[in-house]
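In case you want the letters, here they are:
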Amino acid sequence: MKNHLFTADAASALGGPDWLVARRLAAAEQLATLAWPTDSEEVWRYSRVNQFDPARYRPMTAEELGDPDAETAPGGGVLAAEAGERAALIVVRDGRVVHHELDADLVAQGVTVCGIETCSADAIESHLGSVAGASPDAFTVLHDAFLAGGGFVHVPRGVVVKRPIVVLHWAEGDGLASFPHTLVVAEEGSEVTVLERHASAPHVSHLVNSVVELSVGDNAHVRHVSVQEYGDQTWSIALQRAHLGRDARLSSSAVALGGDYARLRTESRLDGQGAESDLLAVYFGDGNQMHDFRTFQDHVAPRTRSDLLFKGAVEDTARSVYSGMIRIRPDAQKVEATQSNRNLVLTEGAGAESIPNLEIEADDVRCSHASTVGPIDDDQLYYLESRGVKPEDAERLIVLGFFEDVFARLPVPELATPLRRAVHEKVGHLHEDRS
Amino acid sequence: MSVLKITNLRASVEGTEILRGVDLEVSSGEVHALMGPNGSGKSTLSHVLMGRSDYTVTDGSVTIDGEELLGLPTWERARRGLFLTHQYPVEVAGVRIVDLVDAATDHGIDEARVQTEAGRLAVRDEFLARGVNVEFSGGEQKRTETLQLAVLEPRFAILDEIDSGLDVDALRVVSRRIEAMTEETGLGVLAITHYARLLTELRPDRVHVFMGGRVVTSGGPELADELEAVGYDGLAERLGFAVPKPVSAEVTEDPFATPGF
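Those sequence lines, one after another, are chains A and B. Under the numbering used here, residue 1786 is the last one in the first sequence; the count climbs by one each step, no gaps. Under the numbering used here, residue 273 is the last one in the second sequence; the count climbs by one each step, no gaps.
Hints should not be assumed to be uniformly reliable.
[To be verified] For each label pair, taking beta carbons as the anchor points, the in silico distance ranges come out as:
| # | chain 1 | residue 1 | chain 2 | residue 2 | range |
| --- | --- | --- | --- | --- | --- |
| 1 | B | L251 | A | D1728 | 39 to 47 Å |
| 2 | B | E88 | A | G1700 | 27 to 35 Å |
| 3 | A | T1698 | B | G131 | 36 to 44 Å |
| 4 | B | L251 | A | E1699 | 47 to 55 Å |
| 5 | B | V69 | A | D1404 | 52 to 60 Å |
| 6 | B | E88 | A | A1432 | 35 to 43 Å |
| 7 | A | D1728 | B | S73 | 25 to 33 Å |
[To be verified] Covered by chain B, according to a simulated footprint, are these stretches of chain A (three or more residues, beta-carbon under 8 Å):
| # | segment |
| --- | --- |
| 8 | 1731 to 1737 |
| 9 | 1741 to 1748 |
FYI, nobody ran anything at the bench for these hints, they're computed from the structure. Note that the Cβ used here is the ideal one computed from N, Cα and C, for glycine as well.
With the hints as extra help, turn the sequences into a complete structure.
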């Protein structure tokens, strides 16, 4: 790979603990041998990856990132307030933790919330990359080469964290790239909810190449919500991967509203018997946005269950892609897996791709998949209008109603109201443009 | 006192004329029954009145107190006081009845009003919490159609086969509520049906027989009795013509289709 500034020298110049520098350097050397993916690969089909130009971005310097120990963002601002009560707060700017706090009673119970670059190496080295390492591609390697920090959450055995841990990500800087990382390790029998909110500066060209790793121990329950409201020229290429132990439970929700091109690859591997994974998503693109989702429900162990419901809308000339795979491995008998993707196409210039896939290597399983792409039903519009509802209000009600079953299942109920408002505004903007 | 007046209404679908000169006049507080065989165009009439876009009106007029409704979009007709209870109300996921009536009135109705009406119509709370019509039984659909009617207080209601899918008890509850509205708010009713049993619960002031896309004869409640005795064929014979062939495709769509009634 040539003609860009993501070099080994730039990777090592970021500094930090020796183990992290060494890890970055190894990734940077590997990166030099890789080619960027193209849309001829199935996992990138319909994507905008061919438009990706690494020369448009450069990595940050150590000076730009600032001192890893610096506390430069007290509190969390208006976004944190919308999350309601919380047990902990991590503020991440351009991939580096600039503030973190944790309730004293959870500190006493052994819960850790810290920045990857400043945590003790023992706590983190054994976990970092253990989950995401199973999904390598050039962007994962690029991420590892410039990983400058990120949030680390460790919940010890049997500890229940009742209120959410809130992680606020902010990215800025025209022509810059940032590499946020979130690593959640929930030990056996623990419970935790992690809410991540991603935003970036508007009108600047920025690449966010992020990774979320969720390690869900035996009989642990992790609820993860990510809400992305990136600026209109942000490119986001994100990987979220979870490994689930015996009787573990993952409830994961993704909300995508922003970005120019925003891709999220969500993978859930059910390693232990009795593990359960629920993956939800809501996405709504307007203007020229593209939201791109790739999902993987990977059933390794028997008697595991997974459910997926992804719902999206597109308007103006926005596009979306959903491509999902359920894989049932040979030993994974008595598995139940479902996959459902529903799309509303609100204008003629918009479009949605929906590609559900099954790969079943066991014989005693129950699997189903469903996908729909279409405009708002005329009969529904007529029904509402026959009551006196104005056409634009009818459309808004139907779109909000379409997303309602996902909103109702969000593990952080306080989020539903601002998200409904955001969807409301997107549908409203459609009518402003028309009139 | 208001008057819904339909004059020489003609409408077609994809070039086929379904309504062939309909004349009707309903005043506040009156109950009119419109009875006709399957395929006579009864349901088409209800949708043409409401302004559904699949139909092309070729002639005639529909007014409330002299104001022309044809040419107005559906929602404006509703706001001028016209209400349709749908024969097959469509499911709208995630949109509760209270959301619907709130939007229909630009936030003019509070939830308590919906609760009160739900009580009168024996609609259980779970049906208010769900998206409208989502997994409702036929009976629940018609009760909640009536609930919306009661809450929105229109001047005229077109009941499109409100008796289909209703058991006797539910039919009674719904009929009593509509009858009360004719007294309380002066609601005028045009009840489209092919079952005489509706007319034992919802007693009409006038009965109109609808065949071949128009009203062929009108009379008092005794006309429904005659129809029950001799059927559409017998009635057509008395009037000196044969029952016209179906003009619309309702026949194949209607799961309750029976010859006559």
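Hints versus structure:
{"no.": "1", "hint": "L251(B) with D1728(A): 39 to 47 Å", "result": "holds, 42 Å"}
{"no.": "2", "hint": "E88(B) with G1700(A): 27 to 35 Å", "result": "holds, 29 Å"}
{"no.": "3", "hint": "T1698(A) with G131(B): 36 to 44 Å", "result": "holds, 42 Å"}
{"no.": "4", "hint": "L251(B) with E1699(A): 47 to 55 Å", "result": "holds, 51 Å"}
{"no.": "5", "hint": "V69(B) with D1404(A): 52 to 60 Å", "result": "holds, 57 Å"}
{"no.": "6", "hint": "E88(B) with A1432(A): 35 to 43 Å", "result": "holds, 41 Å"}
{"no.": "7", "hint": "D1728(A) with S73(B): 25 to 33 Å", "result": "holds, 31 Å"}
{"no.": "8", "hint": "1731 to 1737", "result": "holds (count 6)"}
{"no.": "9", "hint": "1741 to 1748", "result": "holds (count 5)"}
Of the hints listed earlier, there is not a single one the structure fails to meet.
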